[in-house]
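Chemist: Could you slot chain B onto chain A? The hints should help.
Protein chains: 2
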Amino acid sequence: MSPIPTAGAPAKTIEFWFEFGSNYSYLSVMRIEDEAARRGVKVVWKPFLLGPIFRSFGWETSPFVLQKAKGDYVWRDMARLCRKYGLIWRQPSVFPRTAVLALRVALVGAEKPWMNEFCQRIMRLNFALDQDIGSEAAVKDVLRQLGLPADAVVAEAQSEANKLRLREQTEAAQARGIFGAPMFFVGDEMFWGNDRLDDALDFAAGSP
Amino acid sequence: MSPIPTAGAPAKTIEFWFEFGSNYSYLSVMRIEDEAARRGVKVVWKPFLLGPIFRSFGWETSPFVLQKAKGDYVWRDMARLCRKYGLIWRQPSVFPRTAVLALRVALVGAEKPWMNEFCQRIMRLNFALDQDIGSEAAVKDVLRQLGLPADAVVAEAQSEANKLRLREQTEAAQARGIFGAPMFFVGDEMFWGNDRLDDALDFAAGSP
Numbered sequence: 000m001s002p003i004p005t006a007g008a009p010a011k012t013i014e015f016w017f018e019f020g021s022n023y024s025y026l027s028v029m030r031i032e033d034e035a036a037r038r039g040v041k042v043v044w045k046p047f048l049l050g051p052i053f054r055s056f057g058w059e060t061s062p063f064v065l066q067k068a069k070g071d072y073v074w075r076d077m078a079r080l081c082r083k084y085g086l087i088w089r090q091p092s093v094f095p096r097t098a099v100l101a102l103r104v105a106l107v108g109a110e111k112p113w114m115n116e117f118c119q120r121i122m123r124l125n126f127a128l129d130q131d132i133g134s135e136a137a138v139k140d141v142l143r144q145l146g147l148p149a150d151a152v153v154a155e156a157q158s159e160a161n162k163l164r165l166r167e168q169t170e171a172a173q174a175r176g177i178f179g180a181p182m183f184f185v186g187d188e189m190f191w192g193n194d195r196l197d198d199a200l201d202f203a204a205g206s207p
Numbered sequence: 000m001s002p003i004p005t006a007g008a009p010a011k012t013i014e015f016w017f018e019f020g021s022n023y024s025y026l027s028v029m030r031i032e033d034e035a036a037r038r039g040v041k042v043v044w045k046p047f048l049l050g051p052i053f054r055s056f057g058w059e060t061s062p063f064v065l066q067k068a069k070g071d072y073v074w075r076d077m078a079r080l081c082r083k084y085g086l087i088w089r090q091p092s093v094f095p096r097t098a099v100l101a102l103r104v105a106l107v108g109a110e111k112p113w114m115n116e117f118c119q120r121i122m123r124l125n126f127a128l129d130q131d132i133g134s135e136a137a138v139k140d141v142l143r144q145l146g147l148p149a150d151a152v153v154a155e156a157q158s159e160a161n162k163l164r165l166r167e168q169t170e171a172a173q174a175r176g177i178f179g180a181p182m183f184f185v186g187d188e189m190f191w192g193n194d195r196l197d198d199a200l201d202f203a204a205g206s207p
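These protein sequence lines are chains A and B, in that order.
Per numbering that gives the first Met the number 0, the first sequence starts with residue 0, numbered consecutively.
Per numbering that gives the first Met the number 0, the second sequence starts with residue 0, numbered consecutively.
So here's chain A without its partners, still in its complex pose:
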C-alpha cells in the first residue's frame, strides 16, 4: 500500500503534461486524479501546445494523420482502451482539434479546484461527443457548466501575460525533451503515454 503523506511531509507529486487535441491524453485526463489519489500522489497539471513540438520535427500535423496505417490502428486501439476503462468513445470527425483557448484556460486553472472537471469536460466534448473545442463559445459553455464566471476567466486566459506563459510552458516542454503527449515526470524521470501512467504513479508513490 502507498503511504498516506503525513501533514508537513513533502507531497509526492507527478507532473502531467497534456494537450486537449491528443487522444491518448484523453485517457489520462479521465484517469489520473483517481489513480493518483489511490496512491497518495499529487498531480501537477501542465497543459502545453503539441503543435510547435511536432513542427520542430518537420511535421505539419499529428503523426496519426501523417502515417495512415498507424492512424487507422490508433482509432481501433482507442475504441478498445475506452471499453477497457469504461469511457465513452467517438472517433473525432476533425483530428487533431486545436484548442489554444482551452489550454490557456487550463493554465489559469492549473492549481484551481475546478481544473480536473474542466479538463475532463473539454476532453469529453472532443473524444466522446465529437464536438468543437476550439471556439470561445465552447470553452465558455464548459466554464458556465462549472458555475464559473466564464467572461472573467476567458479574459484572464486571453491576457498577454497568460498567452506568454503558455508559449513559455511549451518551450519548457521542448527543453525537457517532451516529444509527445501525455508525458509524465516524477523528478527527472520521464514516462511517455497513457500506457505508462500506472508505472509513473507507482514510481511517484515509491512503490517497487
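Simulated from the structure, these hints should not be mistaken for lab results.
Do not take every clue at face value.
Because identical chains share one entry, a pair is satisfied inside a single copy or across any pair of copies.
[Said to hold, decoys possible] 20 Å max Cα-Cα, derived SDA-like pairs, lysine to any residue: (1) Lys69 with Asp187; (2) Lys69 with Gln144; (3) Lys162 with Arg37; (4) Lys67 with Phe184; (5) Lys83 with Glu188; (6) Lys67 with Glu188; (7) Lys69 with Gly192; (8) Lys11 with Lys111; (9) Lys69 with Phe56; (10) Lys83 with Asp197; (11) Lys11 with Phe56; (12) Lys11 with Asp33; (13) Lys69 with Trp58; (14) Lys67 with Glu170; (15) Lys69 with Glu188; (16) Lys83 with Val185; (17) Lys69 with Gly186; (18) Lys111 with Leu147; (19) Lys67 with Gly57; (20) Lys69 with Arg143; (21) Lys67 with Gln173; (22) Lys41 with Gln119; (23) Lys83 with Phe202; (24) Lys69 with Gln173.
Modeler: Below, chain B without anything else, positioned relative to chain A:
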C-alpha cells in the same frame, strides 16, 4: 480463468510479428510463450523485415534514431521495463542491428520446437550482451548451442526459396497494415507493441 482447449477443438492462436533488430520485440520474444501458455493460446511466429516497411515511410533507419528525443527516452524506458520483467538489459552500441540471416533461420524454424529458444538467444545477444547478430558465425553459434546442425539449417535458410519467403512475409506484413514491431494479430484484430501483448493474449483466450 482461461479455458484449456480440449482435444479436437481449434486452438486459440495469436500471430506474433517481430524483428530481431527491434528492442520492444525483445521484450515480447522473452515473454510471449510463457504468457500464451498460461492462457491456453498457441503462438504463430511471424518473423519479418522492418527495414523495407520503414523505408516505405521514407525513413532510412529506426524512428528511435531519427528522433533523438524519442530515442533517448526509449533507452530509459527499456531499462525500466527490463527491470520490471526481470530481463537483462544492455543498450546496444549498434542500433538497429540488421539480422537478415537470423530472420531467415527463424522462418525455417517458425514451427520447429527450437523456435522460441533460438529467438530468445538471438535477442539476448543483441539486447543483453550487446553482440553482433548479423554474421553467419553468430547465427551458427546459436544453432550449435541448441544442438542443431548449423550448416544444414543455414543452407536451408539461405536457399532462394526461403529468401523469397522472407520477402513475401514482409510484403504480407505491409499489406496487413503493419507499421512497426512487435505486432500481434488475433484474427483481424491488430495489437501494436509489447504494451499490448497481454491485451492481445486475453483477447485470443476470449477473456473480457
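Chemist: Confirm or reject each hint.
Modeler: Okay, the hints, checked on the actual structure:
Taking the closest pair of Cα atoms, Lys69 and Asp187 come within 20 Å of each other only across two copies (15 Å); inside a single copy the shortest separation is 30 Å, beyond that limit. With identical chains, the CA atoms of Lys69 and Gln144 are never at most 20 Å apart, being 36 Å at best within one copy and 39 Å at best between copies. For the identical chains of this complex, Lys162 and Arg37 are neighbours neither inside a copy (34 Å) nor across copies (54 Å), given an alpha-carbon limit of 20 Å. In this assembly of identical chains, the alpha carbons of Lys67 and Phe184 lie at most 20 Å apart only when taken from different copies (18 Å versus 30 Å within one copy).
Taking CA atoms no more than 20 Å apart as the test, Lys83 paired with Glu188 passes between copies only; the shortest distance there is 16 Å, against 27 Å inside one copy. Within a single copy, Lys67 and Glu188 get their C-alpha atoms only as close as 32 Å, which misses the 20 Å cut-off; across copies the closest is 17 Å, which meets it. For the homomeric pair Lys69 and Gly192, the shortest alpha-carbon distances inside one copy (16 Å) and between copies (12 Å) are both at most 20 Å. With identical chains, the CA atoms of Lys11 and Lys111 are at most 20 Å apart within one copy only, with a shortest distance of 18 Å there and 51 Å across copies.
Proximity of Lys69 to Phe56 under the C-alpha cut-off of 20 Å is found in both arrangements, the shortest distances being 18 Å within a copy and 11 Å between copies. In the homo-oligomer, the alpha carbons of Lys83 and Asp197 lie at most 20 Å apart both inside one protomer (15 Å) and across protomers (13 Å), since each shortest distance falls under that limit. For the homomeric pair Lys11 and Phe56, neither the shortest alpha-carbon distance inside one copy (33 Å) nor that between copies (42 Å) is at most 20 Å. When the C-alpha separation of Lys11 and Asp33 is checked against a cutoff of 20 Å, the pair qualifies only within one copy, where the shortest distance is 15 Å, while the shortest distance between copies is 36 Å.
Proximity of Lys69 to Trp58 under the C-alpha cut-off of 20 Å is found in both arrangements, the shortest distances being 15 Å within a copy and 15 Å between copies. Proximity of Lys67 and Glu170 under a CA criterion of 20 Å is satisfied inter-copy only: 17 Å between copies versus 29 Å inside one chain copy. Taking identical chains as interchangeable, the C-alpha atoms of Lys69 and Glu188 lie at most 20 Å apart only when they sit on different chains, with a minimum of 14 Å there against 27 Å within one chain. For the identical chains of this complex, Lys83 and Val185 are inter-copy neighbours only, at 17 Å across copies versus 26 Å inside a copy, given an alpha-carbon limit of 20 Å.
Taking identical chains as interchangeable, the C-alpha atoms of Lys69 and Gly186 lie at most 20 Å apart only when they sit on different chains, with a minimum of 18 Å there against 31 Å within one chain. Proximity of Lys111 and Leu147 under a CA criterion of 20 Å is satisfied intra-copy only: 11 Å inside one chain copy versus 66 Å between copies. In this homomeric assembly, Lys67 and Gly57 come within 20 Å of each other (Cα to Cα) both inside a single copy, at 17 Å, and across copies, at 13 Å. For the identical chains of this complex, Lys69 and Arg143 are neighbours neither inside a copy (37 Å) nor across copies (39 Å), given an alpha-carbon limit of 20 Å.
Only between protomers do Lys67 and Gln173 lie at most 20 Å apart by alpha-carbon distance; the minimum there is 12 Å, versus 26 Å within a single protomer. Only within a single protomer do Lys41 and Gln119 lie at most 20 Å apart by alpha-carbon distance; the minimum there is 17 Å, versus 41 Å between protomers. For a Cα distance limit of 20 Å, the shortest separation of Lys83 from Phe202 across copies, 12 Å, qualifies, whereas the shortest one inside one copy, 23 Å, does not. For the identical chains of this complex, Lys69 and Gln173 are inter-copy neighbours only, at 12 Å across copies versus 24 Å inside a copy, given an alpha-carbon limit of 20 Å.
Hint compliance for this structure: hints 2, 3, 11 and 20 are not met, and every other hint is.
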